[in-house]
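The listed protein sequences derive, respectively, from chains A and B.
Per our numbering, the first sequence starts with residue 1, numbered consecutively.
Per our numbering, the second sequence starts with residue 1, numbered consecutively.
Calculated from the structure, these hints are not laboratory results.
Check before you lean on any hint, since a few could be wrong.
With a Cα cut of at most 20 Å, we get these calculated DMTMM-like pairs of lysine to aspartate or glutamate [what the hints assert, rightly or not]:
hint, chain 1, residue 1, chain 2, residue 2
1, B, 235, B, 74
2, A, 95, B, 307
3, A, 105, A, 54
4, A, 67, B, 74
5, B, 235, B, 31
6, A, 105, A, 85
7, A, 152, B, 74
8, A, 152, B, 366
9, A, 105, A, 169
10, A, 152, B, 307
It should be emphasised that the depicted structure is a prediction, and the values quoted were computed from it without experimental measurement.
If you want the building blocks of each chain, they are given just below.
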Amino acid sequence: MAHEGDPNDPNRRDFIHIAAGAAAVGAAAAAAWPLIDQMNPAADTLALASIEVDLSKVQEGQQIVVKWRGKPLFVRYRTPKEIAEAKAVPLADLKDPQPDSARVKPGHEQFLIVVGSCTHLGCVPTFGTGEYGGWFCPCHGSAYDTSGRIRKGPAPLNLQVPEYSFLSDTRVKVG
Amino acid sequence: MSADHESTYVPKSAFERWMDARLPIIRMGADYAALPTPRNLNYWWTFGGILFLMLVIQIITGIILAMHYVPHVDHAFASVERIMRDVNYGWLVRYVHANGASMFFLAVYIHMLRGLYYGSYKAPREMIWILGVIIFLLMMATGFLGYTLPWGQMSFHGAVVITNLLGAIPVIGPGILTWIQGGFAVDQPTLNRFFSLHYLLPFVIFGVVVLHLWALHTAGQGNPVGIMIPKERLKQDTVPFHPYYTVKDGFAILLFLLLFATFVFFNPNAMGHADNYIPANPLVTPAHIVPEWYFLPFYAMLRAIPDKFGGVVVMFGAIFVLFLLPWLDTSKVRSMRYRPAMRWFFIIFVVVALGLGWCGAKLPDEMVFSLGEGSNGQPIGMNYLWLTRILTFYYFAYFLIIMPLLGLRETPLPVPDTIAAPVLDHDDAAKVPAQ
Numbered sequence: 001m002a003h004e005g006d007p008n009d010p011n012r013r014d015f016i017h018i019a020a021g022a023a024a025v026g027a028a029a030a031a032a033w034p035l036i037d038q039m040n041p042a043a044d045t046l047a048l049a050s051i052e053v054d055l056s057k058v059q060e061g062q063q064i065v066v067k068w069r070g071k072p073l074f075v076r077y078r079t080p081k082e083i084a085e086a087k088a089v090p091l092a093d094l095k096d097p098q099p100d101s102a103r104v105k106p107g108h109e110q111f112l113i114v115v116g117s118c119t120h121l122g123c124v125p126t127f128g129t130g131e132y133g134g135w136f137c138p139c140h141g142s143a144y145d146t147s148g149r150i151r152k153g154p155a156p157l158n159l160q161v162p163e164y165s166f167l168s169d170t171r172v173k174v175g
Numbered sequence: 001m002s003a004d005h006e007s008t009y010v011p012k013s014a015f016e017r018w019m020d021a022r023l024p025i026i027r028m029g030a031d032y033a034a035l036p037t038p039r040n041l042n043y044w045w046t047f048g049g050i051l052f053l054m055l056v057i058q059i060i061t062g063i064i065l066a067m068h069y070v071p072h073v074d075h076a077f078a079s080v081e082r083i084m085r086d087v088n089y090g091w092l093v094r095y096v097h098a099n100g101a102s103m104f105f106l107a108v109y110i111h112m113l114r115g116l117y118y119g120s121y122k123a124p125r126e127m128i129w130i131l132g133v134i135i136f137l138l139m140m141a142t143g144f145l146g147y148t149l150p151w152g153q154m155s156f157h158g159a160v161v162i163t164n165l166l167g168a169i170p171v172i173g174p175g176i177l178t179w180i181q182g183g184f185a186v187d188q189p190t191l192n193r194f195f196s197l198h199y200l201l202p203f204v205i206f207g208v209v210v211l212h213l214w215a216l217h218t219a220g221q222g223n224p225v226g227i228m229i230p231k232e233r234l235k236q237d238t239v240p241f242h243p244y245y246t247v248k249d250g251f252a253i254l255l256f257l258l259l260f261a262t263f264v265f266f267n268p269n270a271m272g273h274a275d276n277y278i279p280a281n282p283l284v285t286p287a288h289i290v291p292e293w294y295f296l297p298f299y300a301m302l303r304a305i306p307d308k309f310g311g312v313v314v315m316f317g318a319i320f321v322l323f324l325l326p327w328l329d330t331s332k333v334r335s336m337r338y339r340p341a342m343r344w345f346f347i348i349f350v351v352v353a354l355g356l357g358w359c360g361a362k363l364p365d366e367m368v369f370s371l372g373e374g375s376n377g378q379p380i381g382m383n384y385l386w387l388t389r390i391l392t393f394y395y396f397a398y399f400l401i402i403m404p405l406l407g408l409r410e411t412p413l414p415v416p417d418t419i420a421a422p423v424l425d426h427d428d429a430a431k432v433p434a435q
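Next comes chain A alone, as it looks inside the complex (with noise of 0.2 Å):
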């Protein structure tokens, strides 16, 4: 280059200021990190997250609650005319196309296992109401029939089926 050593080549002032200010916003943006994660869920709140339930306690066509991750959960033992209703729905009048045996473990259709928490804004629906006869939201009104899918109402999902497998005929791990 014909500057080179020149103090006044304004490319090479150029360079160290570019190179300066990036490095300056990438030590920022470092620093920020921890700061802004610290927020994330920690250790102790992930470990909580796995629990195991006794089906045993439920009763035909009732429903058991349990607290899991923070939000209640719902487990329902259903009655073989609301697995027969929730199959017998076509996926053409649901708002979030799932059948039932998506939603229910192979051999295990009386067990619907869903967490508790409204897809719209998180409240907790009511057991047996709504015009589905699966839960109703006293929130803003959204409707689930007995597979906890959304039938009705501004809630955009179904209820959220956790990740569980059964260890026994009787027991459940949720998480």
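Go by the hints and put chain B onto chain A.
Chain B in isolation, oriented as in the chain A frame:
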């Protein structure tokens, strides 16, 4: 009244002279007291002072409450009840703080409507207005965070619903929701950080209030006539802030405190909800969940939109549209005193805003009026959902359609050329046509 107001302070004692050369804080106070202020300010202009007092009251009572409150899910509710029953004068401090929030919002809504009516947001006062909207947003955040702390049923489920609004944002929403809540639900981490932020934000508000006043003293105060006071008329058209407006503001503050005290001492729970005296239970939601009265208009708009994210956008849009107000209003006349057509739209706007609040307290399916039943047994008529939609449309139309168009088309009344003219002479000699 403006930055070119020259200091008339003369240090009188040796101490004042010593201080004035080192930290001219006495000069600052004296200059504030001598501030030339338009002589025609009416009582709508006293709410700025009232708001400053409310901020100070909330900060003092809040600091005291924090000395006794325990931000833990197992102790929060009980610690609030302990404040009410066992702490000396705890009941008084808490009721002042809780009702103070309502009075603060009452005053801020009047203050904002004053600005809207008298065109206080127009050039050169855009920054005053924008800073004011920022203060309003911070107040809403602070009010929401504070309402969570007693950890009653309304506290808890209000926090669930409001934090879940963030979850409606596409793609990044769920991540932000977990980040804000500090877990998978509203729980101990949420309560603890809400307490921290609720303590912080009032001081941020205080800082923005300082900027708000700085901008006010730079651009100059508006006045009900809405004209700029020319330099040569500064002597005739202004009076010193003290004693004229310290006394006027003081009188208004006394009246406002009477109203405040009536709530605190005679009906302290009038603006609360009975459900919030039930400890938070994450497994059961109260049958009728509503926010505090000052959030009702925005809550109504949220519910009026059938789409989850759309509702959130409309609700926040109702506040963000205020940032654009100085550029949406095309009229050169500031005060609506001289805009007879606009005045009607303004009155309708106030009724609509109150109506939205009314709708927010009702269930969307409730009927406003019914014209009998249809063949399916459903009532025919108008429910609150549709009334809310109509009112929401007017709210936005006022800012986005009426303001820009009417400003160009209307014929304003003649605007006086001095603020003394409308008082001193009733003939039209001193008036010139606007524009």
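Run through the hints listed earlier and report the numbers of any the structure violates, in increasing order. Structure breaks hints 1 and 7.
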